[in-house]
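> Each chain, written out:
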Amino acid sequence: MLLAKNGFFHLLRWQLLRMKPVLALYLIIQTLLAVGIVIGFSYLIPNIDDTTALYLTTGAPTIILLSIGLVFLPQGIAETRVDGTFTYMLSLPLPRLYYVLVEATIWLLISFPGIFIALFVASLRFDLQLVYSYKNIFTFILIGLTAIGIGYTISLWLRPIIAELISQVLIFGILLFSPINFPPDRLPNWLAKLHEFLPIQYMAESIRATLAPNDFEIRWSSFSIISVWCVLSFVMCYFAITKRK
Amino acid sequence: MLVINDLTKMYSGTPANNSISFTVEKGEIFGLLGPNGSGKTTLISQIIGFLKPTKGHIEVSGTDVISRPDMARKLCSLQPQENISLNGLTPRQAIELTGRIRNGNKREIKEKTNELLKDLQLEEWADKQTEKLSGGIKRLVTFCMAIIVPGRLVILDEPTNDVDPIRRKLLWEQVRKVANSGATVLLITHNVLEAERSVDRLALIDNGKLVGVGTPASLKGAFNQKLRLELTLYRKEEDLIYPNYVSMISHTKQKVILSLAKEHSKELMDWVFSLQESNKIEEFTLSAATLEDAYSSIIGRIGDQGLGGEQYAIS
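Chains as they are written, first to last, in the working numbering: chain A, 1 to 245; chain B, 1001 to 1315.
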């Protein structure tokens, strides 16, 4: 009710209309990316055992959510910052966090079909039995919000061109050097240590545990660390979006 | 309504706005006039809360908007200088959504949008995607977005850029309507002729400093008693010998603009006809002095004197 009164849904409609010409394309690309990650990685590894298959499958949602937050979203924001639209939108009498929440709503909606199609395809491909419950949705939303909060903060604190470059580097690091599709003990010590301070490993663990609770243990400490990152990223976002030069 | 007092904005030690002070009354159309880079957009960016002043005070409708940038956005509606991207939206959707975000009533917004689209002759494009529209039509759409639910202060940054002459006239009628409804209009332009016709009062800004505030007539000052002669030369480098009663306002390519006192008009015509007979000029126009002449003269003099020149008190 409060959101409706303060223009949240008008802003949401505005942004949905703005993205309408590319919305379908984003959905398709997201789905292809998600399915591609599962199938593509299976070519890299010739003899996939059950554990590897489970890691690959349950890692896909983390990669999708991180790519949405850290790549797709910053690129979109960089574009609107360059053409002046972003600044104009900030002249409208709306609470600052609405801009972040509207983006988060849209991008989460875009990511969900891809995530579930990828999980479905992977289950067929590797003959896996995954567990679906409200816990999955909750985990996806928490991780999606965290990734979007971090991506939005990067987009606002850095110059558009730098933000775009950083987002490209980040996705490379996420795909190849983060314990998402494999356990952290395969990484060199220093990198594994670094990941203890970053949210990526905990995101992957949480999603794995909710999708395959019989094989992986749900650790509330992982959820706590992600939640701290989520709150921190939104606080940083708030400071960035309210900052006056 | 709008009170600006001692407003200064420094960028790495250089003032973009240098101790600017003026007041605008409710219902007034107030122009901010100045050459490119003179600090006009920096000034409005501080009013709307995009930039934080280094020093000074801004009050809109009794609210200190420097300490309350959230209130600044409620009290002010803005048409930005650049054409923003409205891709994916039609003009009708963009105008209505802005109105709804500015807390307008759904039915009233629909009616007013229809009215604006009709009054500005935009109905033909109302439901087309904005990416397919020309720059001038997009400009008018952002103008409608700024006035669909006007703030107490409506800030229009070069509203007529790219707009055709017929719709320019219609746009100015709408601006007057907004002012008559009680809103204050702050108009940023470097089109002096338009400003002269459309504003109640204006401020001249150059190099970040206020160099004059007043009505167009008062700013013209001594120029009210003068004539303006515009000559188009046959050749760029035509070397004319000017009579001593004229003074040069500007000389660009083949155009020469001169100023002279009214009592010299008779002898001037003899001189102009002699230039025509000797094929030195292609054509000429004699008219009453305009604000542009005063503007060129003031801005020119400030330029000659450098940044430290005294502030002109013309009001």
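Rather than coming from a laboratory, the hints here were simulated on the basis of the structure. There's no promise every hint is true.
Below, computed lysine-lysine pairings styled on PhoX-like, alpha-carbon distance capped at 25 Å [stated by the list, open to error]:
1. A:243 with B:1055
2. A:20 with B:1110
3. A:20 with B:1280
4. A:243 with B:1052
5. B:1118 with B:1128
6. B:1074 with B:1052
7. B:1280 with B:1253
8. B:1026 with B:1169
9. B:1128 with A:243
10. B:1118 with B:1106
11. B:1266 with B:1280
12. B:1052 with A:245
Keep in mind that this is a model prediction, so the values were computed, not measured.
> Each of the hints needs a verdict: does it hold here or not?
We went through each hint and held it up to the structure:
1. A:243 with B:1055: Distance ~17 Å between residue 243 of chain A and residue 1055 of chain B Cα, so the pair holds.
2. A:20 with B:1110: 22 Å, holds
3. A:20 with B:1280: With Cα atoms ~61 Å apart, residue 20 of chain A and residue 1280 of chain B exceed 25 Å; violated.
4. A:243 with B:1052: Holds. Residue 243 of chain A to residue 1052 of chain B sits at ~9 Å (cutoff 25 Å).
5. B:1118 with B:1128: 15 Å, holds
6. B:1074 with B:1052: OK: residue 1074 of chain B and residue 1052 of chain B at ~17 Å, within 25 Å.
7. B:1280 with B:1253: 14 Å, holds
8. B:1026 with B:1169: 23 Å, holds
9. B:1128 with A:243: 36 Å, violated
10. B:1118 with B:1106: Holds, at about 18 Å.
11. B:1266 with B:1280: At roughly 20 Å apart (the allowed maximum being 25 Å), residue 1280 of chain B and residue 1266 of chain B satisfy the hint.
12. B:1052 with A:245: Holds. Residue 1052 of chain B to residue 245 of chain A sits at ~6 Å (cutoff 25 Å).
Comparing the model with each numbered hint stated earlier shows that hints 3 and 9 do not hold.
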